[in-house]
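**Q** Here is how the chains run, residue by residue.
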Amino acid sequence: MSTALVVFVLVLLLPLFLASWRVSLVGLASQGAIMAWLAYDRDGVTTVADGVRLVDLGLVRAVIVPALLYRVMATRRADARNDVIAPNLVSWALALTAVLVGFRFAAHMPLPDAERPFVAAAAAALLLAMLVLASSERVFSQVVGVFRFENALALFELSRPEPEAEPGFRVGLLVVLVVTIGLARWYLRTLTPAGDAPAPEAP
Amino acid sequence: MNPALWLLAPLAFLVLVGPGRRHNAITLVAAATVEVIVATVIAIGGVDTGADDLLTTDATARLFLLVIDWAFVGVVVYAWNRARVDATRPEASARRAYLGIVFLVAMNVVVIANHMLLAWLALEVTSLAAAPQIAQASLPGSRGASWRYLVFSIVGLGLASLGFWCLGHGGDGHASMRFDVLAHTAAAPDDPWRELGFALLVLGLGTKLGLAPMYSWLPETYDEAPAAITALLAAVQFNGTLVLLVRVLQIPGARDGVAGDALLVLGLASMALSAGSILATRNIKRLVAYASINHAGVIAIGLGLGGEAAYGVLLYAVSNAFIKAILFLSIGHIEAHYQTKQMRDVGGLIKDLPYTGLFLMVGTFALLGFPPFGSFLGELLILSALAASGQMLVFAGFCAVIATTFIATGRSVFPMIWGESRIKATWHSQRLLPHLPKLVLLIALVMMGLYLPASVNTLFREVAASMGAR
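Residue numbers (our numbering), protein chains in the order written: chain A, 1 to 203; chain B, 1 to 470.
It is worth saying that the hints were derived from the structure and are not from the lab.
A hint or two may mislead.
Unchecked claim - Partial pick of chain A residues on the chain B-facing surface, computed with a CB cut under 10 Å:
no., residue
1, Asp79
2, Pro110
3, Ala114
4, Val139
To be verified - Every beta carbon over 12 Å from chain B, so not counted as near; a handful from chain A, in silico:
no., residue
5, Arg22
6, Val26
7, Thr47
8, Trp92
Quick caveat, the model's predicted, so the values are computed rather than measured.
In this text, a Cβ means the ideal position worked out from N, Cα and C, and glycines have one as well.
Could you build the full structure based on these sequences and the hints that come with them?
**A** Right, here's the structure in full:
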């Protein structure tokens with residue numbers, strides 16, 4: 001497994017144990033940046049589709065998503081502490097188990113050796129995203145869960161070189177992601193209480 | 001030129017220029033009317049020039065184009081009437097009209113797409129266009145419901161995209177992304193990627209259909225959204241998602257492994273869960289929402305069986321699109337009139353709102369699978385296929401749940417139609433014109449139970465054959 005993928009798994013796990021929304025955003029930014037590096041390192045930028053993918057991973061996921069969410073949380077004067085999963089031993093054990101299950105899954109499936117570490121990390125990322133989505137009640141944590149989920153899917157896609165990737169589809173996927181970010185930001189702004197205001201109805 | 005493009009050209013123009021600021025709802029009605037005319041010409045006229053890399057007008061596309069475009073036109077005529085009566089209604093907003101057109105374009109693309117990724121992208125666009133329309137400024141709870149809908153959509157469609165990715169890994173690792181090619185590709189035996197891919201697709205698309213275990217978004221969303229949006233989700237988006245699932249199940253070997261069994265189990269679980277909820281609820285919109293989960297369960301069981309159940313599933317699914325449009329739009333009228341969704345507060349509809357009462361009554365009979373509606377024939381065909389396949393446990397469970405739903409729904413809804421109202425509301429006498437689209441849908445429902453024109457019946461048979469019917 002490459003160093004970049006090891007770091008990717010670490011940035012998947014660390015924000016779950018450090019209960020801070022800022023750390024969660026750093027985690028999302030790091031995931032995007034590592035995936036951009038992995039894509040560039042393997043394929044370079046030889047086609048339009050490669051370029052669009054690099055913008056998707058390196059700009060939108062690594063910079064725009066965390067920056068927009070940071071702005072909303074900062075303007076809402078959100079409390080620094082934010083648990084994306086429940087802070088107890090059961091949740092932490094489940095998180096570690098999810099990583100192990102992801103790696104066991106990749107070990108058992110018929111895959112070329114080069115793809116196996118990608119699929120292992122992506123499967124772990126997907127299971128952790130599901131854990132975050134299933135256990136969080138706050139909108140911010142759910143938004144983080146949604147983007148963790150999107151990143152896991154992007155890593156699955158990245159695991160295999162696509163010989164005939166259509167730039168049109170890449171642009172389509174990027175547009176859908178950008179609209180999702182816009183909507184997530186709107187929901188975060190309207191459903192997150194400002195400062196010490198009472199919490200709105202949990203969605 | 002692919003005839004599928006005839007559908008998209010006028011709408012793409014509207015998306016680019018946007019609806020006019022003053023005539024939002026009427027722009028949407030005009031767009032939907034153009035669409036329904038083109039869809040009917042393509043479907044009834046049997047226009048099929050084959051498939052290309054992206055689009056197709058095969059029998060599946062033609063049948064469901066008819067369904068979604070007719071249901072859509074019914075919904076937008078309702079919205080236009082609501083906006084005409086009260087200009088402050090959400091239906092009058094330019095933003096909603098624009099999102100409505102985006103939704104219509106994307107939904108048509110889902111149905112005519114011949115490429116997995118294109119169909120998936122278009123379905124995602126329909127969810128992104130629908131989510132903001134669920135939220136209503138006057139109802140704070142609707143924002144939460146809207147967010148929940150979006151999260152479940154992203155997760156469901158994400159799992160489906162992972163399913164497509166797994167299918168691409170199957171075989172020699174270079175599977176085609178074209179549905180028409182996949183439908184004629186021999187099944188690879190014991191391929192774990194294909195097996196996983198089909199299972200994820202059933203789970204992901206099942207989430208969008210409201211199947212257990214990921215159904216909790218549906219009752220809340222249908223309840224909180226404006227009636228027109230609820231009808232769009234239940235009648236139009238549901239069938240768009242179903243098209244994608246049907247195309248997946250047209251791939252040889254799709255239901256041989258986990259996916260086939262999963263459809264049966266999830267279908268029965270959804271039916272059982274919804275029957276319990278129908279017994280407990282006192283809210284008419286939630287009741288019909290739970291009935292939608294019930295119907296999704298019936299359809300899943302039929303899809304899991306395939307073969308002889310296929311014709312019944314199609315009849316049932318198409319009937320349900322129209323039933324749900326009729327019921328949710330009627331509930332919209334009731335809600336506007338009485339300012340409540342509580343069933344015990346409403347009564348004597350047949351005297352107070354004669355057209356709405358009549359459509360609620362007939363829609364409920366169709367919902368419960370009474371003859372002569374298409375839903376009756378569809379359910380009967382699915383049940384006989386279940387018995388013939390020897391799945392007697394599922395058969396018994398199916399019958400028990402249907403009987404419970406029948407009693408629970410009748411007990412709650414019929415007093416609304418004939419009983420005494422607790423709320424006295426005055427309104428102008430009802431005009432027939434706003435109800436005409438519902439009347440058209442109702443005629444289609446009855447025709448599906450009694451007599452189908454040869455060209456439409458051929459469509460049903462062709463799609464059923466592609467799903468394994470003889």
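**Q** If I take the minimum Cβ distance from Arg22/A to any residue of chain B, is it greater than 12 Å?
**A** holds, 22 Å
**Q** Examine each Cβ of chain B, and state whether all of them lie more than 12 Å from the Cβ of Val26/A.
**A** holds, 22 Å
**Q** Grab the minimum beta-carbon distance between Trp92/A and chain B and tell me whether it stays above 12 Å.
**A** Given that every Cβ of chain B is farther than 12 Å from that of Trp92/A, nearest at about 23 Å, it holds.
**Q** Quick check on Asp79/A please, does its C-beta sit within 10 Å of some C-beta on chain B?
**A** violated, 20 Å
**Q** Go through the hint on Pro110/A and say holds or violated, using the shortest Cβ distance to chain B against 10 Å.
**A** OK, holds: Pro110/A within 10 Å of chain B, min 7 Å.
**Q** Just to be careful: measuring from the Cβ of Ala114/A to every Cβ in chain B, is the smallest value less than 10 Å?
**A** Not OK, violated: Ala114/A not within 10 Å of chain B, min 12 Å.
**Q** Can we confirm that no CB of chain B comes within 12 Å of the CB of Thr47/A?
**A** Holds, since 17 Å exceeds 12 Å.
**Q** With a cut-off of 10 Å, does the beta carbon of Val139/A approach a beta carbon of chain B closely enough for the hint to hold?
**A** Holds: closest Cβ of chain B sits about 7 Å from Val139/A, inside 10 Å.
This entry does not satisfy hints 1, 3, going by the numbered hints stated previously.
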